[in-house]
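Novice: Single-letter residue listing:
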Amino acid sequence: MTDQSDLSALMRLARQGDDEAYRRLLGHASVWLRNVVRRGLTLAGRSTADTEDVVQETLLAMHLKRETWDETQTLEPWLRAIARHKLTDYLRRRGLHDHVDIDDCMDAPEMAVGADSSTAMDTRRLLAELPVRQRRIVEEISLEGRRAADVAVRLGMSEGAVRVSLHRALKTLAIAFRRD
Amino acid sequence: MKTENLVAALVADNGSGRRWTGRMLPAALALGGAVSLCLFIVDLGVRDDIAQAVVTWRFDLKVVLVLLALALAFGLCRALSVPVIAGSAIRRLLPLGALFVFAVTIELIATPSALWASRLVGSNSLICLTSIPMLALAPLAAILLALRSGAPASPALAGAAAGLLAAAAGAALYAFHCFDDSPLFVATWYVLATIPVVAVGALAGRRLLRW
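As you go down the protein sequences, you meet chains A and B in turn. Under the numbering used here, the first sequence has 68 at position 68, and the numbering climbs by one with no breaks. The numbering used here runs 180 ahead of the 1-based position in the second sequence.
Only chain A is shown next, with the shape it has when bound in the complex (with noise of 0.2 Å):
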């Protein structure tokens, strides 16, 4: 993984309200994660073409959980069970019930891997079951790559109803991943 203290230190800048922290802490998690999935997904003996679904499940609980992450300890550990937690919960849900050594992904090598262009098609059919305003919502500021203050205005709603709206959005979309 990139150097431990960078990312510990960008959580932190994250918590208190810094976004190009955020993103670029979510840019490292994916690439560290990609390479975790693909080899979890090897191990377990199943295709890799799901990497990207699981990559994106996991940084939306990532993101959702945020708060459980005690700043006293390096972020490193808790990414590790986080990623732990929600591969298992997908192999589980596959029916894949063995108990994959999840540690050995975990050290694997880091490889020169950039942004993936591939598309997570669950998340995509996932998206279209949501509400049509929250999918818009999360349509405009994902894809469109509007501001909150903008969607407000476009959607004629506040922008705190827009956030709001977002917020619900990224909960239901991981409780939709959970039941998939």
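Because the hints were derived from the structure by calculation, they are not lab data. Treat the numbers as computed from the prediction; the structure is a model and nothing was measured. Using N, Cα and C, we set each Cβ at its ideal position, and we do this for glycine too. Heads up, some of the hints might be wrong.
Claimed, not checked - Have a look at the derived ranges for each label pair, beta carbon to beta carbon: (1) A/132 - B/270: 48 to 56 Å; (2) B/274 - A/72: 42 to 50 Å; (3) A/92 - B/359: 13 to 21 Å; (4) A/17 - B/386: 29 to 37 Å; (5) A/9 - B/285: 51 to 59 Å; (6) A/104 - B/288: 45 to 53 Å; (7) A/72 - B/268: 15 to 23 Å; (8) B/310 - A/17: 45 to 53 Å; (9) A/136 - B/387: 29 to 37 Å; (10) B/203 - A/153: 33 to 41 Å; (11) B/244 - A/12: 34 to 42 Å; (12) A/128 - B/310: 17 to 25 Å.
Once you've looked at the hints, dock chain B against the given chain A.
Specialist: Quick look at chain B alone, frame taken from chain A:
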């Protein structure tokens, strides 16, 4: 959807975070405890001889036992509510185990052996077995609800800890109604009454505490 798009949405949602210090746990315990307190007053009530009881060492030791259980179970619950578990869970409960052993030993020394059996069986074991779980119900519901904001490494274990905390809360109330103060009674029946609550907590946790 590309991951960079999802990241954009997550960053836009950055402001929604708050610190998890199990901050909702005390409130949940208080709320559930308040409901159980009402139940306690209506259904059981404080024992009539409470003024005489509080000066006896057995009663005082009983209160210390349930309060220690409450404190340790609370810490355990909070520790198990996050993805990274710091330290062994069992070790947290060791002081309680030690105190139980100490209390039982003192009782065996202080009481003639002919009385051991009757002290253990007591007079209200059935009421104890039903009352503690009943008084633990509202706290359990509230605690599980509070734990849903966490991310427990093992949802079942976190649920079990919730059951332990809820049972301790129920026991803390019941102790003020119960006439059987002997550590032999407490070590047997209070502990037995805790088991179904822990089991229900674990089963419920498995479902409700997934994340």
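Novice: State for each hint whether it applies.
Specialist: Going down the list of hints, with the structure as the test:
Under the hint 48 to 56 Å, the C-beta atoms of residue 132 of chain A and residue 270 of chain B, about 50 Å apart, fit the expected range. Between residue 274 of chain B and residue 72 of chain A the beta carbons are some 23 Å apart, a value that contradicts the proposed interval 42 to 50 Å. For the hinted restraint 13 to 21 Å between residue 92 of chain A and residue 359 of chain B, the CB-CB distance of approximately 49 Å leaves it violated. At roughly 36 Å, the beta-carbon separation of residue 17 of chain A and residue 386 of chain B lies within the given 29 to 37 Å, and the hint holds.
At roughly 52 Å, the beta-carbon separation of residue 9 of chain A and residue 285 of chain B lies within the given 51 to 59 Å, and the hint holds. In this structure the supplied range 45 to 53 Å holds for residue 104 of chain A paired with residue 288 of chain B, their Cβ-Cβ distance being about 52 Å. At roughly 18 Å, the beta carbons of residue 72 of chain A and residue 268 of chain B sit within the given window of 15 to 23 Å. Under the hint 45 to 53 Å, the C-beta atoms of residue 310 of chain B and residue 17 of chain A, about 51 Å apart, fit the expected range.
Here the CB-CB span from residue 136 of chain A to residue 387 of chain B is close to 32 Å, well matched to the stated 29 to 37 Å. One distance hint, 33 to 41 Å for the beta-carbon pair residue 203 of chain B and residue 153 of chain A, holds here, with the actual separation near 35 Å. Our hint of 34 to 42 Å for residue 244 of chain B and residue 12 of chain A holds, since their Cβ atoms are close to 41 Å apart. At roughly 50 Å, the beta-carbon separation of residue 128 of chain A and residue 310 of chain B lies outside the given 17 to 25 Å, and the hint is violated.
Comparing the model with each numbered hint stated earlier shows that hints 2, 3 and 12 do not hold.
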